[in-house]
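In order, the protein sequences belong to chains A and B.
Under the numbering used here, the first residue of the first sequence carries the number 25, and numbering increases by one thereafter.
Under the numbering used here, the first residue of the second sequence carries the number 309, and numbering increases by one thereafter.
In case anyone wonders, no lab produced these hints; they're calculated from the structure.
Here the structure is a predicted model, which is why all the values come from computation and not from measurement.
Don't take each hint at face value.
Residues from chain A that face chain B, not an exhaustive set, calculated with beta carbons under 8 Å [stated by the list, open to error]:
#1 G44
#2 R45
#3 D46
#4 S63
#5 N65
#6 G89
#7 R93
#8 W112
#9 Y115
Idealized CB from N, CA, C, for every residue including glycine.
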Amino acid sequence: MAFQTGAAMLDACVLAVLDGRDVYGYELTVYIKSVIDISENSLYPVLRRLQKDGCLTTYDQPFNGRNRRYYSITDDGRRKLAGYRSDWEDYKKNMDLLLGGNANNMPPTPGPHRQTL
Amino acid sequence: MNKEQYLQKLRESLGGLPAKDAAEIMQYYTEYFEDAGPEHEAAVIGELGDPAVLATQAIEALDQTQEIVRNTSRPLLPSLLGLLKGRGAAQEDQQSTYRFQEMDLEPFRSVFVHVRNCPISIRESADGRYGADVRLLLNEGETAQAGIENGVFTIRISGRAISHRNLQGTQYVKLYLPAAEYDRIELHSSNASVIFDCPAAVRGDVKVDTSNSSVNVSGIRDAGNIHADTSNGSIHFHSLKCAELIADTSNGSIRIENAACDVCSADTSNASISIKASVFRKCVADSSNGSITVSGCRFTEELKADTSNASITAELEGNESDYSVSADTSNAAIYVNGEKRGKSCSTGYGTRKVVLDTSNGRINITYKPALLKDTQV
Numbered sequence: 025m026a027f028q029t030g031a032a033m034l035d036a037c038v039l040a041v042l043d044g045r046d047v048y049g050y051e052l053t054v055y056i057k058s059v060i061d062i063s064e065n066s067l068y069p070v071l072r073r074l075q076k077d078g079c080l081t082t083y084d085q086p087f088n089g090r091n092r093r094y095y096s097i098t099d100d101g102r103r104k105l106a107g108y109r110s111d112w113e114d115y116k117k118n119m120d121l122l123l124g125g126n127a128n129n130m131p132p133t134p135g136p137h138r139q140t141l
Numbered sequence: 309m310n311k312e313q314y315l316q317k318l319r320e321s322l323g324g325l326p327a328k329d330a331a332e333i334m335q336y337y338t339e340y341f342e343d344a345g346p347e348h349e350a351a352v353i354g355e356l357g358d359p360a361v362l363a364t365q366a367i368e369a370l371d372q373t374q375e376i377v378r379n380t381s382r383p384l385l386p387s388l389l390g391l392l393k394g395r396g397a398a399q400e401d402q403q404s405t406y407r408f409q410e411m412d413l414e415p416f417r418s419v420f421v422h423v424r425n426c427p428i429s430i431r432e433s434a435d436g437r438y439g440a441d442v443r444l445l446l447n448e449g450e451t452a453q454a455g456i457e458n459g460v461f462t463i464r465i466s467g468r469a470i471s472h473r474n475l476q477g478t479q480y481v482k483l484y485l486p487a488a489e490y491d492r493i494e495l496h497s498s499n500a501s502v503i504f505d506c507p508a509a510v511r512g513d514v515k516v517d518t519s520n521s522s523v524n525v526s527g528i529r530d531a532g533n534i535h536a537d538t539s540n541g542s543i544h545f546h547s548l549k550c551a552e553l554i555a556d557t558s559n560g561s562i563r564i565e566n567a568a569c570d571v572c573s574a575d576t577s578n579a580s581i582s583i584k585a586s587v588f589r590k591c592v593a594d595s596s597n598g599s600i601t602v603s604g605c606r607f608t609e610e611l612k613a614d615t616s617n618a619s620i621t622a623e624l625e626g627n628e629s630d631y632s633v634s635a636d637t638s639n640a641a642i643y644v645n646g647e648k649r650g651k652s653c654s655t656g657y658g659t660r661k662v663v664l665d666t667s668n669g670r671i672n673i674t675y676k677p678a679l680l681k682d683t684q685v
């Protein structure tokens, strides 16, 4: 894939998954990896960042005699996600404008600019 | 290398960290291995890569998050001007009111404002400093952003409102700019007026749009294009110099005074257009049901005015022979210097072209010597 998934994009993806339901680390990585090509070690920094930002909280739940840490989205996280979604719509629209089939949206060459009067 | 060895190496690589942070990272990856199960152990080790590198990444993540925490704990948001949450009376209001006032900002080269239902006013600052006074009311789901980044002063509301509350109070964006040179000015609002009054020079374009309210732009010493767009509101351009001057509205009048530009275009409906004491190469004025008046102007190429059910008045500098005039009305008469000329007339062979068109309205053409002594711009 020629296009990189940057930090903001990963933040948005993680928040969007958490918006659906609470998940644990491995489950989250497997799911996101099934959709986009990321390395297994790239999500810890994202979770850490979002947690420090107050966008998610964690809680432990017993599982097979040990604890499993679940990540849960907060109200701040939802607000952040709403912002990302709106930015994404704009970004998608703009990229479609440039890359989409109807690529010839360039305005015609402008007339004389700033003619001296 | 098996899971135990891998985690042992990771633990060693995290040696320098505070115990709490190291424990947290260890817990994450220990759990990760457990959830992956023994059948995926080798694959996970391969994917995670060198434990020393993984440790470095985790430590970098800690550094980053600590940086963010440090920034957000200050009243100013990171790389933002910092819209301070207001101290509203009600809890709800605290969530939704953003207030920022700072009268000594670092200089910036461009302005980008995108707000909703909020009047914008840009004025010349009295003391040559850059200042901002902003109050915004936000619905749930909307976020406000303000800051200076790469020389662009930005105020932007983003996000779609999840819930609309009946927000109490007024909103405004007020900026104070010194009469300096700028790269670009963009002001977008809705249902509220926009005023730009500052003797600034703008290398690029000035774009203003709103709706159901007026736009007032004045004082710009020099600019690329100046474009104002609204609806159900008037547009007033005063003392401007630019390449293209464009006014676009409906049900609102357009007034242009003391403008110097290459091309001037004014478009409205059901309201009048008046263009006075201006110089341009070409001018197009288009209305319907509204009168058009052009007076005291000097132009080199063409003047075109089009309306219906209303009169057109053109006061032209010089003599009849300087222009080639084509005027057309139906159900009314054309007067040249007070003299009746019928319903359709074309006179002169001059280089400056005048095309006037209406129906059910009178056309008055008068020639006056030297209306314009000097451009006031």
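Here is how each hint holds up against the structure:
1. G44: Cβ of G44(A) sits 17 Å from chain B, so the hint is violated.
2. R45: Since the shortest Cβ distance to chain B is 16 Å, the answer is violated.
3. D46: violated, 14 Å
4. S63: holds, 7 Å
5. N65: holds, 5 Å
6. G89: G89(A) check fails; min Cβ-Cβ to chain B is 10 Å, beyond 8 Å.
7. R93: Holds - the Cβ of R93(A) comes within 8 Å of chain B, reaching about 6 Å at its closest.
8. W112: At about 11 Å, which exceeds the 8 Å cut-off, the nearest Cβ of chain B leaves the hint on W112(A) violated.
9. Y115: Since chain B brings no Cβ nearer than about 12 Å to Y115(A), farther than 8 Å, the hint is violated.
When each numbered hint is compared with the structure, violations occur for hints 1, 2, 3, 6, 8, 9.
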